[in-house]
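Chemist: Below are the chains, spelled out letter by letter.
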Amino acid sequence: MTGGPVIETRGLTKRYGGTTAVDGIDLAIRRGEIFGLLGPNGAGKTTTILMLLGLTDKTAGTVSVLGFDPARQPLQVKRRVGYMPDSVGFYDNLTARENLRYTARLAGLAREEAEARIADGLRRVSLTHVIDRKVGTFSHGMRRRLGLAEIVLKQAEIAILDEPTSGLDPEATYEILNMIRDLKAHDVAVVLSSHMLDQVQRICDRVALFNRGKIALLGSVPELAQQVLGGGHTTVVEAEGADLATVLADLPGARRIIPGEGNTFRVLADRDLRSDVARRVTAAGGRLLRLNVEEPSLDAIYRRYFEDSRRAA
Amino acid sequence: MPSIDVTSKTPAARREGSPWTGLGAVFLKEFADHVSGVRMRVLEWLVLLFGLAAVYSAIQDLRSVAAQDPFLFLRLFTLARDPLPSFVGLLGFLIPLVSIGLGFDAVNSEFNRRTLSRVLAQPIYRDALLFGKFFASLATLSVSLVALWLLIVGLGLLLLGVPPSGEEVARGLVFLAASIAYGGVWLAAAILFSVLFRSAATSALCALGLWLLLSVLWPMLAQFIPQAILPSDTMILFGVPSVEQLQMQLTLARLSPNTLYAEAVQAMLNPTTRSLGLVFPQQMVGAVRGTPLPFGQSLLLVWPQITGLIASAIVLFVITYVSFQRQEVRA
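Line by line, the protein sequences give chains X and F.
Residue numbers for the first sequence, in the working numbering: 1 to 313.
Residue numbers for the second sequence, in the working numbering: 1001 to 1331.
Hints were generated in silico from the structure; no laboratory data involved.
The hints are all genuine.
What the simulated footprint calls covered on chain X by chain F, stretch by stretch (three residues with Cβ under 8 Å from a Cβ of chain F suffice, anywhere in the stretch; the number is not a length): (1) 51-64; (2) 75-87; (3) 102-111.
A virtual CB, placed ideally from N, CA and C, is assigned to each residue, including glycine.
With the rest of the complex left out, here is chain X (with noise of 0.2 Å):
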């Protein structure tokens, strides 16, 4: 469990003709983290998943992925890394344990072993009861399991999911987060790209925010908020039989007031304001019905980022 960065890139960029799809990134992955590649369509994502894998070649740049160049040693890193392409496919005439053993047998493994991690990959991914069903009969949300249940079979150190839960119900989505996290929680670096933003913020470690092929932001989500939002905290206050207007008015710390519906306000403030609008609320005789820090919301941090650099363009 070693602190480096299992994935790295520098200057990174894939060239199409007269385009650039992407144009210089740097990124740093480590070990054990769950990495968020975010941006609209279009803006690299998968392209850049496709360089880290030596599935297209980079026009300038270097990657290095567990120590290796994708691009001299894909044997080597596809040997070590399991992707999930977007809305992967499976041969549908094929049981599901007829298709990781497919898998099994390109990534060279024995029989026996390949049978074991077979079991092993489809319990943990609870699809068990369907071994020997054709995948044919498989919903959108079983055959994103069974992606999963192939990188768990290639015991990967890396995975690396384009999109994985797109066009799922949100019980599915919901499963496919809780092993994504079963995946970091078994020391396996985890790199996803996705435009569900509330889904990303809630698993991800840390993300990278894609625009027209460079990396517009990259950090944890907090830190974004600091950056984009400028604000850190937003603290949301609710009451009865007090003015919160004249209450709130001067108070120190705060930026902005801004008043919301009925009785609500929202505090805007560098510093976590909810002991003092507390303690004023109640010496102004008003009973406090809510007071609560709102988390800053990747997809406010999102809009607002695509919004700014609109209006500087």
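Fit chain F to the supplied structure of chain X, relying on the hints for placement.
Modeler: Only chain F this time, still in chain X's reference frame:
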């Protein structure tokens, strides 16, 4: 721009690991798919029924003919009785059909099922996938053809009651090899279309179109083109093509694998065939007409044809290989 040092760059650009890694796995999987697939079952029955019909009618004829023919067994393959064509005639169009049927969706089906990127993310090179698919289809085709060949020889033994001579067996085996090479050409063409076109229907249509072009249209074109570009007095005066025209006609016709296969089969199964090109009367001076060539001479005669078939299969496969390597994985 500084000059690029090629010698120091080459080892850096070289990929590590064998391109054959995983070939066996792909081969076995594809072979199992073919053998158990419904499509293969249909094609096999087609070949089997047509083959049986042709051989049965040939045997009816052979029984009435005096059994003095030294190559009685080979007649099984070549004898035609209306309305059925001979067995080799049937093979001439069934082999391309079966090959196209096996290959037309080899690569694009992986795209459409969205399995390609997942399979290529396993520790194999693209080479293994393409080679595995080609060889598995070729093996399927070969197994069917060998089975059919054995069936016909067996039927001949039972119904004619005469064992084939060693030479007949040798000629039959060369015929089998030529058939497999011919199948390989069409297989490579079908797989090429499956790489070029994302839609399986387009790929199948193009492969069938090419086949129709080469089997129906090309022989006619091969006849007309020399007359158009090489005008000759004999043609104008007597309506007979000149030697140059005939030679060009032959060269053009041989661009089609169908012609190559037909010639190879003709020379192998009809031992009296002395030449596959033009023969002038003065070249036949001293020859005893109607006497068969020895096996070695017949083999020499068809050698260019068989080489040509194998070479066209390889060329088509190389084009397929290059375009597949350059293709982007993402759909």
